[in-house]
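Undergrad: Here is what each chain is made of, one letter per residue.
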Amino acid sequence: MNNNNFLKPLLFVGPHIILFIVFILIPSVYGIYASFTNWNLIGDPVWVGLDNYKTILTDTDSTFYSQFFNGLKNTLLFVVFSVPLLIIIPLLIAVALEHKDLKFTSLFQTLLYIPGLISISAAALVWSLIFNKQLGVANNLFGSEAVWQTTQPYAWIIILIITIWAGIGGNMIIYRAGINGVSKDLYESAEIDGAGPVRKFFSITLPSIRFPLIYTMVMTTAGAFNVFAQPLMMTDGGPRQSTTVLMMYIRDLAFSHGESIAGLASAMAVLLGLVILVISAFQYYVMNRNAA
Amino acid sequence: MFKKIKVSKYLAYLFLIVVSAIWTIPVIFGIVTSFRSQTEIVNEGFRLLPVNWIVDNYVAILENTSSAPILQWLWNSIFIATLHTLLVVAVISITGYGYSRMKFKGRDFLFFTLLAISFFPNVVNLIPSYKIIDILGWVNTPWAMIVPGLAGMGNIFLVRQFMRGIPMELDESARVDGAGDFTIYAKVILPLIRPVLIVCGLFSFTGSWNDFLWPVIVYTDVDKMPVTAGLLLLQDIYGNYRMIGQLMGSAILAIIPTLLLFFFAQKYFVSAINLNSGIKG
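Chains as they are written, first to last, in the numbering used here: chain A, 1 to 292; chain B, 1 to 281.
Hints should not be assumed to be uniformly reliable.
Derived contacts from chain B toward chain A, CB cut-off under 7 Å, selection only [what the hints assert, rightly or not]:
id, residue
1, 15
2, 16
3, 125
4, 206
5, 212
6, 254
7, 255
8, 262
Calculated from the structure, these hints are not laboratory results.
Source: prediction; values computed, not measured.
Glycine included, C-beta positions come from ideal geometry on N, C-alpha and C.
In isolation and in its complexed conformation, chain B is listed as follows:
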């Protein structure tokens, strides 16, 4: 009996170590390469560590503010993702409150109708969405990426589910004390739903940060685009492997902000995502 557990334990370790190594090596390879000179990369080929560590690639990247303004791209991405996330959290908590703690005629019918419509594949609304952004004058502005995503139903569904687990007695006793809906929302409910809001916020941030198709469509102005769309241009700018170090350095710079966010918020990632209970009304 004891032996069995041990064997499977070591198998689990072996499996995890191999997979983690495969998953980590590309990132390390990118980092190492970004500190090597072009001549060294071409002449020496693949090496685990550089012969000479140089920072010239990063200096060159930061000095190129015309064709590849990577700091501007990073700032655009940070601005877009942060504002988007804050607005998502505000919208989903207020809307979730309305659909779970207020009583009005047709409430659940309205909610499930919107939810059903939102399941319709969004490839269909891609082209008209561009037209709407164009009409609003938002092409090449941050709003093109900040606002449309606020309409989604997925996060509202999660918040609503979470709120239904909070006893209604809390609201009622607050109401007896003379609190209105806005007070109950802000003082009673909001502190209690923090875990689900943090998870939705994290997913919104990384989703917005990594979005690719939409920014490639709505940004043509090099100075206005987020970093994902910008990196697409790099293959041409530092292209044909003439400036490999710069290419890798830019990729590494683009990775750093989400990594920082992840390390600060790590503990929330597993705790709040439990779907076992499923959809129960």
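Chain A extracted, bound-state conformation:
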């Protein structure tokens, strides 16, 4: 073994390892460390042990306690309502698109994919106008009397609508590719056995695309926990903070104009991270077991 055997691979994988250490490893470790400190982002963090966690989780008088649980509740609400729709709607579309001898499939796919390419802030400007009380489509065309942005449950509904409108493209393409890869023989022999389209969907299509389903479910859920842009742009967290998600509190505490409370914000981030981690692992475990 000469040195060359190690040096050359290092030239190939080394640059990325440096990037990984600087932009993923160090910030992750430091983020956990900072959650045990008092830190204003400028000076050195001061170790305070579990104080931040105690405040967030047990001090019922503290605003951070109510912010954390309100934010977590709203984030969970968003996850519970958005994720099933972000899986089922693209799946139905993909199944429809893979129907045999259907024409214009690439046109349909393009139309449905385009919203995903529109930056969320541009989309929010358009959708806010659509749901504007005086000027919008929703009230003028459908005679709705609702003030969408500032009344519940409408505030949540518009956040979900823009999320689904912008979010189905990626999953749709993954499912299409998956369904496309299923052997045609399976469907033909099922047809000979007299299976209808619904039966074929549940007995052949779903089991065959098991891996894409698990993958998209885990990724979509983890993404939904990081929700931030839609409530910020559509409702600004209102009415009465009922759509303020945890990411908005974390950003405000760490980066707002006053003194930064980055230590406490880090503790909230770690707690959110743990929730994401546990739920992802749980999903992966359950789906892998049921499907096996």
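With chain A's structure known, arrange chain B on it following the hints.
TA: Just chain B now, with coordinates in the frame of chain A:
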């Protein structure tokens, strides 16, 4: 038997047409509104087509270079997303080569360790990442958005999977002809992995273009920000629906570049994303 197929075929058509219409109407509504005057929008309310088509909104948008320099924002976004994408493609192909076609001790252990760490939710590293960008002096510079994303493992995983499907005999015969690793990477492997690189590149471009949380945090200078962060300011600048046309026009301008990219690269989107085989070592 024949009837059954027909019914489900028309059901599929109906479903797709309805969904596509719902998905398209907001964009058309935005475009149409951007060509209407404020008085017309307020007085006439919702209309399918403008009474008078005007371009004044776009003139006003382009003339406002102080509080909402949208062309500058678009240029910032194009510069950031393009450079980011090119660097992603370079990094993932070189690193993927190292992890799949070179032999060194602990190679797979190293790869899967990094992959496992990268699954850790990135909300935790958000605040320290800002601090690191600050220390590097990259706040309010394009580098804040170009470089950190290069550290990700997802694309490297895809490239590595793809490369494992290429027979090793190709490398060996090139080696017999006297080629070194860099030659094999550039001349043999790179042309073969083009499909996966194009898909990763497209996703990197649109991901960078549409990123919202991070630019809102790292850019405070109006002239330096990308268009996603800039549009957040517009609700205040053209706010309270006093300048609806300008608001919609800005949103439409922000959409155009990604649409162009999509139409040029459309055919690659479906072809290379097949996850059915799953993770098999």
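Undergrad: For a quick check of understanding: which of the numbered hints are violated here, in increasing order?
TA: Failing hints: none at all.
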